[in-house]
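Undergrad: Residue numbers (my numbering), protein chains in the order written: chain A, 1 to 250; chain B, 251 to 504.
Please keep in mind that the hints were generated in silico from the structure rather than gathered at the bench.
Quantities reported herein were computed from a predicted structural model and do not represent experimental measurements.
Treat the hints with caution; some may be incorrect.
Straight-line Cα separation of at most 35 angstroms, DSBU-like style, residue types lysine-lysine; simulated pairs [stated by the list, open to error]: (1) A:209 / A:140; (2) B:494 / A:140; (3) A:112 / B:439; (4) B:277 / B:494; (5) A:227 / A:23; (6) B:300 / B:494; (7) A:209 / A:227; (8) B:494 / A:141.
Take a look, some chain B residues computed to stay more than 12 angstroms from chain A by CB distance [unchecked claim]: (9) 277; (10) 279; (11) 299; (12) 304; (13) 353; (14) 366; (15) 395; (16) 397; (17) 405; (18) 407; (19) 408; (20) 410; (21) 468; (22) 483; (23) 489.
For glycine and all other residues, C-beta sits at the position ideal for the given N, C-alpha and C.
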Amino acid sequence: MTTDTAVSMRQVNKWFGTFHVLKDIDLDVRHGERVVVCGPSGSGKSTLVRCINQLETHEKGSIEISGHSIIPGRRGRKAANLIRTEVGMVFQQFNLFPHLTVIQNLTLGPMKALGLTQSEADARAMDYLERVHIPEQAEKKPAQLSGGQQQRVAIARALCMEPRIMLFDEPTSALDPEMIAEVLDVMIELAEEGTTMIVVTHEMGFARKAADTMVFMDEGRIVEQDKPDTFFSSPKTPRCRQFLQQILQH
Amino acid sequence: MQTARASRLSLALFTLLLSGCSNNNLKWYVVSPFTEQGQANLKFLIGGTKDTLLMSLLALVISIVVGLLIAIPGIARNRPLRSTNVIYVELVRAIPLLPLILWVYYGLPDIAGIQLDYFWAGVFALALSDSAFEAEIFRAGIQSIPRGQSEAARTVGLNYVQTMRYVVLPQAIRRILPALGNQFAYMVKMSALVSVIGLQELTRRANELIVTEYRALEIYTVLIVEYLIIILIIGQGVRWLERKMGSDEFNAGR
Chain A
1 MTTDTAVSMR QVNKWFGTFH VLKDIDLDVR HGERVVVCGP SGSGKSTLVR CINQLETHEK
61 GSIEISGHSI IPGRRGRKAA NLIRTEVGMV FQQFNLFPHL TVIQNLTLGP MKALGLTQSE
121 ADARAMDYLE RVHIPEQAEK KPAQLSGGQQ QRVAIARALC MEPRIMLFDE PTSALDPEMI
181 AEVLDVMIEL AEEGTTMIVV THEMGFARKA ADTMVFMDEG RIVEQDKPDT FFSSPKTPRC
241 RQFLQQILQH
Chain B
251 MQTARASRLS LALFTLLLSG CSNNNLKWYV VSPFTEQGQA NLKFLIGGTK DTLLMSLLAL
311 VISIVVGLLI AIPGIARNRP LRSTNVIYVE LVRAIPLLPL ILWVYYGLPD IAGIQLDYFW
371 AGVFALALSD SAFEAEIFRA GIQSIPRGQS EAARTVGLNY VQTMRYVVLP QAIRRILPAL
431 GNQFAYMVKM SALVSVIGLQ ELTRRANELI VTEYRALEIY TVLIVEYLII ILIIGQGVRW
491 LERKMGSDEF NAGR
């Protein structure tokens with residue numbers, strides 16, 4: 001595998017009990033590529049992303065992240081811990097640590113997992129807080145921030161680990177409409193800087209602006225994968241066409 | 251039947267109170283702070299505070315540590331690990347405290363050649379008994395923290411121990427503080443049972459004084475007031491701790 005490949009999934013399968021969530025997933029993501037994953041709920045998009053950083057383990061197939069491969073089983077779990085420092089994740093529900101201040105949220109990982117000193121971690125944290133435009137909130141608790149601000153802190157927290165790949169799992173779905181833009185703006189800036197991103201979202205405006213590749217999932221399979229212009233102008237499958245019609249109507 | 255018993259009981263209570271007020275049957279001077287005899291008696295009674303408090307406090311600390319160690323396997327995915335938690339909790343929880351105290355004091359020397367003194371036998375029995383309850387409190391506390399918290403911790407590279415130490419437990423402990431306060435108050439009261447093996451804590455001293463003064467009601471009243479004061483102080487302490495740790499402040503945001 002060339003080092004140019006950030007993520008490579010081969011014949012990945014996953015079950016929740018008897019429910020077959022991911023079916024024969026093949027996906028390649030280059031470094032610097034921005035992939036947007038969409039599809040109806042229950043189609044397996046979140047699970048796909050969560051398998052990449054092994055918050056969910058897959059039962060069959062192989063996943064390779066920047067040259068480290070994860071195979072199902074005990075040894076895979078060891079590799080998973082290593083991989084998590086290279087893959088950043090932003091959740092739908094933010095999942096900030098409510099008992100810590102914003103800056104403590106950002107410095108925890110770099111200090112405990114990467115071994116940075118307090119002052120190194122603080123400097124890095126302030127740097128990324130400026131990138132998401134909220135350095136002035138550093139000493140506040142997450143509960144004192146708005147949803148949009150919280151999600152931007154969550155993005156900064158993931159960036160603080162300086163990961164090679166950023167995963168976003170419906171990052172704007174839990175936000176009030178007027179806060180979606182501030183989060184998407186930050187994400188577009190990241191995309192313009194060349195960050196490797198895999199984004200699960202229904203924000204098609206963002207997809208048009210930032211994506212290199214669109215992936216459409218349905219019932220656990222990748223049904224369609226294409227460049228954004230062809231994806232939006234001439235979807236090949238009827239299922240994808242129907243889905244796009246429904247979400248682009250509004 | 252129930253009402254008959256209730257009315258009989260309240261009648262008895264009523265007469266008791268009445269006799270206390272109207273007759274001079276109660277000899278409060280045995281515990282009066284204004285007589286020499288009363289002062290000596292009170293000093294003797296209050297002298298048990300140190301053992302009661304120290305024993306409860308040591309037992310609490312030990313049972314919290316043991317309880318946490320027992321709670322952790324209780325939330326594991328691994329089934330054998332989980333069953334060690336279940337077996338410990340179910341077994342220890344089923345042992346009544348009084349027989350346990352007697353067993354530790356009179357039984358351990360025979361079975362293991364360990365003769366603990368009154369105090370440490372009490373600490374050991376109280377801590378063992380309470381650890382099962384602490385384990386369940388910790389398990390409930392840890393499980394009440396949303397899974398997203400540990401997931402987020404894992405994604406910033408923390409391992410299992412770090413995730414527990416820096417993210418899950420600090421939040422869980424804020425939530426279980428009221429329950430821990432409960433257990434402490436309970437422990438102080440249950441420590442009275444250690445009097446049966448001879449430790450001169452509060453209750454034992456009251457019993458001993460009654461043997462010489464023959465004034466059970468007055469002395470037991472003082473005893474109850476002693477426990478009341480200790481537990482009121484503990485209650486205030488726990489509330490202060492809750493405020494200090496901001497239990498309510500950060501929960502309000504979610």
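Undergrad: Does each hint hold? Answer for all of them.
TA: Status of each hint after checking the structure:
no.: 1; hint: A:209 / A:140; in the structure: holds (33 angstroms)
no.: 2; hint: B:494 / A:140; in the structure: holds (17 angstroms)
no.: 3; hint: A:112 / B:439; in the structure: violated (42 angstroms)
no.: 4; hint: B:277 / B:494; in the structure: violated (45 angstroms)
no.: 5; hint: A:227 / A:23; in the structure: holds (22 angstroms)
no.: 6; hint: B:300 / B:494; in the structure: holds (27 angstroms)
no.: 7; hint: A:209 / A:227; in the structure: holds (12 angstroms)
no.: 8; hint: B:494 / A:141; in the structure: holds (15 angstroms)
no.: 9; hint: 277; in the structure: holds (56 angstroms)
no.: 10; hint: 279; in the structure: holds (55 angstroms)
no.: 11; hint: 299; in the structure: holds (36 angstroms)
no.: 12; hint: 304; in the structure: holds (32 angstroms)
no.: 13; hint: 353; in the structure: holds (41 angstroms)
no.: 14; hint: 366; in the structure: holds (40 angstroms)
no.: 15; hint: 395; in the structure: violated (10 angstroms)
no.: 16; hint: 397; in the structure: violated (9 angstroms)
no.: 17; hint: 405; in the structure: violated (4 angstroms)
no.: 18; hint: 407; in the structure: violated (3 angstroms)
no.: 19; hint: 408; in the structure: violated (6 angstroms)
no.: 20; hint: 410; in the structure: violated (9 angstroms)
no.: 21; hint: 468; in the structure: holds (49 angstroms)
no.: 22; hint: 483; in the structure: holds (27 angstroms)
no.: 23; hint: 489; in the structure: holds (19 angstroms)
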